[in-house]
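Each chain is listed here by its residues.
Number of protein chains: 2
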Amino acid sequence: MTMKNPDKKSLQVDASEAGGGLYSRRRFVQRGVAGAATLAAAGSVFAESPDSWRQQGDAFSNYGQPLEGTLGSRQQPIRWITSNSAVTGDGVSWTPLHDLAGTITPNGLHFERHHNGVAVVDPGSWELLINGAVGRSLAFNLDSLHRLPMVSRIAFLECGGNSNSLWHPNAVQAPAGFLHGLVSCAEWTGVRLSTLLDAVSPTDDAKWLVADGYDSAGVTVSLPLSELPEDAMLALYQNGETLRAENGYPARLLIPGWEGVTNLKWLRSLTLTDRPAMTRYDTVSYTDLLKDGTVERFSFEMGVKSLITSPSPGHTIPGSGLHEISGLAWTGAGVITRVELSADGGKSWADAELQQPVLSKAFTRFRAAWQWDGNPAILKSRATDERGRVQPERQALIEEKGTNVYYHYNAVLAWAVAANGSLSHVYA
Amino acid sequence: MTMKNPDKKSLQVDASEAGGGLYSRRRFVQRGVAGAATLAAAGSVFAESPDSWRQQGDAFSNYGQPLEGTLGSRQQPIRWITSNSAVTGDGVSWTPLHDLAGTITPNGLHFERHHNGVAVVDPGSWELLINGAVGRSLAFNLDSLHRLPMVSRIAFLECGGNSNSLWHPNAVQAPAGFLHGLVSCAEWTGVRLSTLLDAVSPTDDAKWLVADGYDSAGVTVSLPLSELPEDAMLALYQNGETLRAENGYPARLLIPGWEGVTNLKWLRSLTLTDRPAMTRYDTVSYTDLLKDGTVERFSFEMGVKSLITSPSPGHTIPGSGLHEISGLAWTGAGVITRVELSADGGKSWADAELQQPVLSKAFTRFRAAWQWDGNPAILKSRATDERGRVQPERQALIEEKGTNVYYHYNAVLAWAVAANGSLSHVYA
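Quick mapping for you: the protein sequence lines, in order, are chains A and L. When the letters of the first sequence are read in order and numbered with this note's numbering, they come out as residues 1 to 428. When the letters of the second sequence are read in order and numbered with this note's numbering, they come out as residues 1 to 428.
Residues from chain L that keep clear of chain A, each with C-beta distances beyond 10 Å, as calculated:
1) Ser-16
2) Gly-19
3) Pro-169
4) Pro-229
5) Thr-273
6) Ala-277
7) Phe-298
8) Phe-300
9) Trp-349
10) Asp-351
11) Val-390
12) Ala-396
13) Gly-402
14) Tyr-427
Restraint ranges, calculated between C-beta atoms of paired labels, are given here:
15) Tyr-406(L) to Asp-198(A): 47 to 53 Å
16) Thr-403(A) to Ala-47(L): 46 to 52 Å
17) Asp-198(A) to Arg-387(L): 36 to 42 Å
18) Asp-204(L) to Gln-173(A): 52 to 58 Å
Just so you know, the hints here were simulated from the structure itself, not pulled from any lab data. Since the model is a prediction, treat every value here as computed from it, not as a measurement. All residues carry an ideal CB built from backbone N, CA and C; glycine is no exception.
So that you can see chain A by itself, here it is in the shape it has in the complex:
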């Protein structure tokens, strides 16, 4: 039934409809909205005036805060913290993607990955040194940076270790954001890296950029100049306001599309060199041991990826009938060109609607309508990017990379829907 083309003159199946009840969103207008609502005799439900009409509201605030406690049947979103108890200060906090909508991550919920806690940097004495293979070394303080031309762009930022629990042989159970939320999306404003590098007149020996930070973990990374995207910047603002401490105040690298560690926080120096520094973060961390025994290093650009955020594990679908499926897709390559959804574990796929405008190297929100018949189902999403890359199935990713890999997991994810409306993470 659900595969039936409403246009009887054509046998072609609408690309936005598929098995398991995946519909194009216009079906909502035909049958979904009134079904979700309560028929009300006009005025009867609202015969009594609400308590809030009899009491004065709360006060104005200099800096607003999110609501506290539960929000009806929903939770107030928080970052979930996973610290390594053996190394104080080493850990992550996850963006609760399963509780969010749209594409912007509020600054208070942007994911964190710190190797020794949040560095506390005095902005008055902060300086950035650019030196090495340059015609002239330059130092910039905050006032001098604020005189320079700036750019703004919305960009996602993803830790190279995001989703790494999915390399495990058994499917870990947790809300979607606490498995895949080492990724966030914000509007960043700062000075283009090319503006700063042009000013120091790099010599012919300058092939790599070695960046270090003011944090006590000694995070230092090596970046090849010839591959750095032209939109790389020194970010000073996030979603309009000054960078927060946990996002690298007073200045961080922002390299749209590249894995998180290259977007160095609390930036201290940029040294132009003829070779990579081969620091711990170039060699031991953020590198993948492949099945042929070789190690993949310097794999900067993040893959094409997507997940369904609603419904997702931890949610309960309130009953059969029409529901919206919604999620996020992104790619280090630039623009997401397509997201397909399956409600039958991958047997059939339908195109989701992409929220416009689709921005390069930013979160893309996708949505579709789903007529759930109340039987067990398996939901999947699969993204394609402007370079034609398609998210692999888990088995294909493992066949390609082996089972000793720790980073850069981007396979198709699957949520199993039970007859009682609960969801769980499955390999399917």
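The hints should help you fit chain L onto chain A, whose structure is shown.
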């Protein structure tokens, strides 16, 4: 000198350069960046390791907060509260546009306009009634709304009373955001109003939509159905997270481009009627007494507007030389097509660069380079929108509207730069 065209073969003046030192931004690369920096003998400034290398960083947090106190020579942005002391709960808080960059306003800094404080609404018992001239009255609770198709969009929101101190005969002195910051811009997610209205089957008598809220101020507004933009929505999320209390939790109207009061917070009911309700908010407030003695009511769409946020009053320009001028433009009509800048009080104008992508009914960030010679100067910005509307000069606006108007001020603003680098608000 500054008018000189770098292309000697042509006499045509580059539209992005003008008198008073307004340059196109590429001049920065030629002469500005190194001038702003400090020449450093490689390593010498950085010979000592910073304190932050010797101490562990701060802890992870479930919900991050902005930095406290001063940030070097900058202030931590806060909303400035202007309450009416005669009527508790009646007042505003201003977005500190002069301290922000980019186009997104963080939720904690979105402006507020409350008539009796921030309504406290229990989400579990919250319902929205849609009734009146309809085929069937419907009530929606939060769970039923979350089943419906949603949309996301970035949109500015501006109070009809923003900038109203500029109707005063003398130029009021305050930071830019505390004169013009009853406007903010966020990504909103919710259900299209048309989706909800289609479901109740409006009758032929349905010409107006009367919206009331759960707040105790009795704010009720009348909106003409035939003029409501198709992108009007019932917003549930702001910048990714659940609406905050001061922005109308659990649901508000969001009518992109229309004046703030029509974007009713803490929404309670939508009643379809054959005529406007002519409430206090339709008649006494948000209406303008024109010079011919007539009253302009129901002027929903906001005008074309812009302001320079940096530098602006309260800032001090650190010295002559190259600086970036940056600001915001927006229009209720849709897209900003042009922003011109003047550094000589309006004698000559140059095109500013518009940050791409320019989104409809959203903030547009503009920027230009300015070579300040250290002499007094007057900075102005002037925006044009897709309908060809151009911001009027103050005198022209007064000639058109008279001097009894209180709302909807959108004239060109002027900042005077003194020789010591301080700025002030002037009528010029």
